[in-house]
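Student: So you can see what is in the structure, the chains are spelled out below.
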Amino acid sequence: MTELICIVCPKGCRLRVDEARGFAVKGNSCPRGAEYGRAELTHPVRVVTSTVRIAGALHPRCPVKTSAPIPKKLVFDAVRALDGVRLAAPVSAGQVVVRNVCGSGADFVATRDFQLSGPRP
Amino acid sequence: MLDLIVIGGGPAGLAAACSAWEGGAKDIVIVERDKELGGILNQCIHSGFGLHYFGEELTGPEYAGRFIRMLNDTGVRVELDTMVLDITEKKEVHLVSAAKGYRVLRAKAVILAMGCRERARGAISIPGSRPAGIFTAGAAQRYVNIEGHKVGSRILILGSGDIGLIMARRMTLEGAKVLACVEVMPYSGGLARNIVQCLQDFGIPLYLSHTIVDIKGRARVEQATVARVDAERRPIPGTERVFDCDTVLLSVGLIPENELSRKAGIEIDRRTSGPVVDENMETSVPGIFACGNVVHVHDLVDFVTAESRRAGAAAAAYLARGEKPEGGALELKNGDGVAYTVPQKIRRPGAKKSVDVFFRASRVCGKSTVAVRRGDAVLAKFRRDRLAPGEMERIALPGALLEACGSGSLTVSVEEGSE
Amino acid sequence: MYDVAIVGCGIVGAATAYELSRYRLKTVVLERRNDVCDAATKANSAIIHAGYDPAPGTLMAKLNVRGAGMARELCARLDIPYRRIGSLVLALGERELPPLRKLYAQGVQNGVKGLSLLSASEARTLEPHIAPGVAGALYAPGAAVVSPWEYGIALAETAVQNGVRLLRSAQVRSIGRIEEGWRLATARGGVEAKFVVNAAGVFSDRVHNMVAPPDFSIRPVRGEYYLLDKSEGARVSHVIFQCPTRNGKGVLVSPTVQGNLIVGPNAQPVEDRLDVSNTAEGLDFVRRTALRSVPSISFRDNIRNFAGLRAVCDRDDFVIRFAAPGFLDLAGIRSPGLSAAPAIAEYAVELLRGEGLQTEEKAHWSGGRKKVRFRELDAEGKNRLIRENPAYGRVVCRCETVTEGEILDALHSPIPPRSLDGVKRRAGSGMGRCQGGFCGPRVLEIMAREYRVAPEEVLQDDDGSWILLGETRRGGDADA
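Chains U, A and Y, in that order, give the protein sequences.
Residues in the first sequence are numbered from 0 upward in steps of one, following numbering that gives the first Met the number 0.
Residues in the second sequence are numbered from 0 upward in steps of one, following numbering that gives the first Met the number 0.
Residues in the third sequence are numbered from 0 upward in steps of one, following numbering that gives the first Met the number 0.
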């Protein structure tokens, strides 16, 4: 029996996951919590957020996120995959920045719009 | 004379302006000091926003983006790069910008949505030297997320509220070593999920009931000393532990930014450091409303949105019907176990089916009952499995019940233990 | 070869440079740090004392009274904030009335105008928040509060505008006698001067010892402070002192010229002449002691703590005399150093003249300066300024309403700042309740842009205090 805090929503339900009984989950307030409890002990995943360089925009950095949670063990590799990326404005929220991050099937996408703007005054 | 001026173009101001527009107000201006709308959400690149309001988990910029797009469908005007310097009781708003100079705009109604600021080192008088490398968590977040700078390599974080926890993860992903998160209370101030995904995921230790008692370093931080504290939060000699670090991030509290509210003569609640408001988010000055972190520091932007939409709708209604009717207000008092409630007053209880009252518990409690009393009589009870000061709570009081009270006061209190 | 080399550009060195800049002389000031007035001058109680404290007959007494008399006009000419709010020394009980009367008599003897002894009720009428046990007070209407770093910077800037040369990051390492005067070896090369003025603050004994046998020694005494939010700025309206002790004037509570409340200092001897750290014990002592005179101070509204080092030496008076022919010590200048500074400078020039310094007045000397303070202008003034330069329309420091125009003024001033704190001391950004949390990143960006340096080269204060470490990187491995 493993005790976990569910991270799916801000409630943070205290889960009890029984590995011996097919990862049955107790303590969840919703079905997503049960799903999380099972996954966290078998193949934990995380959404990753970070930034990449962008030229010609209001700021020098554009925020990105993975389009779906990726295996937890790939998180640092995923972030490293952003190192050489250079976007150019304009950019729209949802635009793919890195496809199929570390073979996970998820992409890194931009999470905001940036118009083309000149150098800041 | 404008219909409505909204001070602040972050999540609160955006939601309030949209809602006021929907409510029929037409001549609306949002005044925003930054170069873009979105407020603090622009630098909150992590996800966790919008689960309640949109039913999906969004990052800060995405959440802001939804409202900015909504705003674009309205006729609300926006003045960027513009700072409000003063506001009077007569709703004269003094503002300044490079493009338009110093002006005074008059409006029939004003919505205050200025957000909050971070407490600095001086607020807790951390001893030691004052080298470079000490940042508030929000300032570091701006440097890293907006401008792409590296603020440090070996980091100690003081404060386990959400900002501190989020920055622990952020700095780790950016290649820094986060040595520890230190929290003076015996419990964390942030969401439990953030303890998991920001500290436990990366093996970052959390020291509860500890604080920083010394910082060393001439030009740049070199060391920070942490000690355990007693029940009165005083450091216990002999429990010191030295961390070799080059950076200290302070996440030691947020303060609603009410300099302007004070200038307008608005009554401020010392418990929240924000304006006293009624169920419509109207302040003590008729026609001036307030919403978001400027009223009380929120944990979830979804609640900011709900509150701000209420303020916007109320402002539109105020514009349509004029001065609000006189009449006694029902005062909400904080009883045992409750730090504060927002609203602090309820003016027209029968007008709504129910009134949402937000409050914060003053200590961590297990299974508890939240009781609303008029004198000794218990009017309503709500069960909760767990309460913590770091997690804002909401109870819904039926309008009919409140109407029956007339004026006077109600007390909200928390009793631990199930019945 | 210079006529005069001044070692140290704190308030004393700056005031001396200002005085010398009136004359047709080649003057150089050598400052060890990367900015002027960055040591004791910026970390003190910010008070122009009336002059009843020093013992009669001392230089301290004479120069305090003279300097305090000069301050108002000088501050007006230099356009720096000065408010004559008066001071009260409280007798916290009947026992303290005799020392209070002694202080009064001393003040009269020193030539201080307007002193009076107040009864408990008179004191309370002036100051409703003072402690219940107050038995009486010494009232000095002439005491004032200033911005000490602005005072020093303005003196130094004006000196530089009038031809004085300033070398920063130029610590003096040794001084040798040469035929016409002195040769100083500094971190930025050698300098020769006929006369030397030693205004080296906590290091003034070491500088003295470079040219003469040890005569006095400096043992720095650290004083720690609280600076409270402007919401506490009206807690009292005068400078509130307690009766002085052997260690000095004790813990005071005072409004500042910016509208905050300052509380402190304690008096702790320290070994390290650069140790300006705060301590739990020191702050606790300050807090407890201050509450004895003003019990209602709300310390939860503290926005900053800091500390300064007094150049205390083993003499009862300022050390103002020649260590050697042509080498003038202005040493051991502790309180009332800020108050006395312009008078010390005046006296120094008189002494140098006596030793042969030729002081021919310049035909054109501009001893004043004007500073733009956006928040103090009326609507028309603000708009005129913005029309001239739109940068004045962009507010960068929200807490103190400091515009980009004023930050640019600071960055391009006669003594350009080398750090964010240097900008703060000139433009006021970062001085407010959020302590630079909001404006810091913005000022840093402006500084990097204006000085055409990378953001990671911008300093917090003195050399080596870089704020950023470069561009953010990725990876799971921690840096070494």
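Because the hints were derived from the structure by calculation, they are not lab data.
Keep in mind that this is a model prediction, so the values were computed, not measured.
Take the hints with a grain of salt, since some may be wrong.
Distance condition first, Cα-Cα at most 27 Å in a straight line; then the derived DSSO-like pairs of lysine-lysine [unchecked claim]:
(1) A/107 x A/262
(2) A/99 x Y/361
(3) A/89 x Y/370
(4) A/34 x A/262
(5) A/262 x U/25
Student: Return the numbers of the hints above that this structure violates; sort them in rising order.
Tutor: Structure breaks hints 2, 3 and 5.
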